[in-house]
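Asks: Which chain is which? The protein sequence lines are A and B, in order.
Count the first sequence with the numbering used here and you get residues 823 to 1209, in order.
Count the second sequence with the numbering used here and you get residues 823 to 1209, in order.
Just so you know, the hints here were simulated from the structure itself, not pulled from any lab data.
Since the list can't tell identical chains apart, any single copy or any two copies may satisfy a pair.
Computed cross-link-like contacts, EDC-like style, restricted to lysine to aspartate or glutamate with a CA-CA straight-line distance of at most 16 Å: (1) K842 with D827; (2) K843 with D827; (3) K1187 with E1198; (4) K903 with E884.
2 protein chains.
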Amino acid sequence: MRNFDYMTPTRLIFGEGAIKKLPSVMSAFGKRVLLTYGGGSIKKIGLYDKVKELLKGYEIFELSDIQPNPKYDPSVLAGVKICKENNIDVILAVGGGSVLDCSKAIAAGAKYDGDPWDLITYKAKTPGALPIVDIITLAATGSEYDAGGVISRTDTNDKLGYFDEKLFPVCSFLDPVYTFSVSKKQTAAGCADAMNHIMEQYFCEDSTLLNDGFMEAGLKSLMINGRKCLENPEDYTARAEMMLCCTYGCNDIYSLGNSQSGWPCHAMEHALSAYYDITHGEGLAIITPKWMKHILSEKTVSRFVKYGVNVFGIEPSLGDFEIAEKAIEATYDFFKSIGIPMSLREVGIDESRIDEMAHHIAASKRLESAWVPLYEKDIAEIFRASL
Amino acid sequence: MRNFDYMTPTRLIFGEGAIKKLPSVMSAFGKRVLLTYGGGSIKKIGLYDKVKELLKGYEIFELSDIQPNPKYDPSVLAGVKICKENNIDVILAVGGGSVLDCSKAIAAGAKYDGDPWDLITYKAKTPGALPIVDIITLAATGSEYDAGGVISRTDTNDKLGYFDEKLFPVCSFLDPVYTFSVSKKQTAAGCADAMNHIMEQYFCEDSTLLNDGFMEAGLKSLMINGRKCLENPEDYTARAEMMLCCTYGCNDIYSLGNSQSGWPCHAMEHALSAYYDITHGEGLAIITPKWMKHILSEKTVSRFVKYGVNVFGIEPSLGDFEIAEKAIEATYDFFKSIGIPMSLREVGIDESRIDEMAHHIAASKRLESAWVPLYEKDIAEIFRASL
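Please put together the full structure from these sequences, using the hints given.
Replies: Right, dumping it as structure tokens:
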């Protein structure tokens, strides 16, 4: 086991009707609220009106139209401007992970005098952040229980992860009912995203019996409950369990004490969606099995065997590489079976910018310290195999 | 899944050498520290001197001799007195769960003008608490990651759980090396305590695939690593994994969204150790298999089947009750195999006060709302079967 320093102070208020506690949570802050949301689905499901009703007496400013793969310009910059001009006390993010990620960058930017991009690139230390409360309407990213976000900048094709302990939400409201109306496409992508979060932690040098069991249960639960959510979008129990599996995704609780994996699929996918603005979970699902094939070797095979036997129930008496290959195939087949387009071409990405993207990712050298180090050539190979 | 409201803000600093971060953690508070500890084992392992060295420049007051099943009088009262008389800023608890439990009651008592027993019995609301930092030297109770403690009062034979969100430690240091010198008796009792914490959450009406997998992994890990710790007390990896399994024990993370079980074994064992001052983990190990037999029925058998198959690898093609009975037997056999005295008589408890203890427990009516309700007669039967 490796040493770790872990903290997740966020309060989770989970379950149908959870939102009734919103006024009591918000009462800890001032009366000036920045309400952030996306394209308007929160209006369709009545959540926008409900929030307004619960927060009578508050002065509510709004930032809407936050896009998937949330953008530095205009969203982060516009949010920071509203906060600074109006002395905002607290941000209430209502939506999926993109709204929340964007709100985290705004919360920090509001407390910083310079260009918020300095914070996202760690050129300046995050001096503080406005408190963030969120109401999650999409089970996927786990942003509601971590201290990070991912921000895209279209002018530079950057899509960067930004983490700082000051960015933990104070409180996350998780009501599975708000995810009933999530489309099949987004439900499947959310399931794949959350599964990949676990895989990124599972495939590493050192893990424990405890963490392996927890992660294998998370993967099995996501497959079973993800499928149930697709078959019956209003299956409360399935939506609820999927939501909790997703919530744990990125705050390390699945893998405390494990050696670092480097989160290679995320590093690679971030380039895909920065260049092509594709759905993050779909990009991950497409490259994951190809990455697995690429890293399968004598060094890594035992992890794939454990994964194959414990997650997919593959017969343990088979040969190690046979189990590993079947496990990779089963991973692909599962994503395919929930309707994810399983090639880059299907999501509009062709050969033309693969080398440029591989070069962009490799430039940070971050993946050179992944469990299985990846260089520019490896990344390009994985992308080509994913076409 | 059931609704929940969950938060655990404690920072965990885990691993060999973790303590080097103590000065930076302590620097957030004032300079007046109450150092609490038990019978002196922290002096034997050099931890007392190390702490003193790391906290040069602090004014350190001490409360020592905190006993297992920590006592309201003298320990809690003495600690509160020191805090009030010396304007203590922060409590540093160094030891096992008892030291930490006691320190939590002191931390709250220090902020309360009346008799601290009012807080423990919830006659008064906990107004606040001094910040608590701890260094754990025994893997068992999970007090380092929860907001509760258990305090005994010898004059009334009460042993009461006291929970309040204000009691979460600010930071828990977990260095497995400090557990190398824990005796075989205490290692086994700690393992049984942590296993029972999981069982108390596992045996309930509603659970999830995710939680079941997490808890089953926790139980298997505790059995495998607990045994390794007994065979080789300086096995770092085994001590480390056991420590983490224990840490999760009582803060609900193993079972978020599960229906309530009522923690019946703890309610019963608290009477045993209040009346006889036995080792908590041993008391739990003794009564757990007898409680299991007592509650086994058509209603509960499917949980025992899952437990038997997934934790002990019992052949799933057997009949349900056969699997359940084998699972209960395997539970007993495991505790026996790690050297725990498996009858009440072996720990000095005879027939004489069984009815009195059963009456005392039943008086609170708390176990009437357990998963399988227990009344005075049931409790007495479980105790007699444990003789």
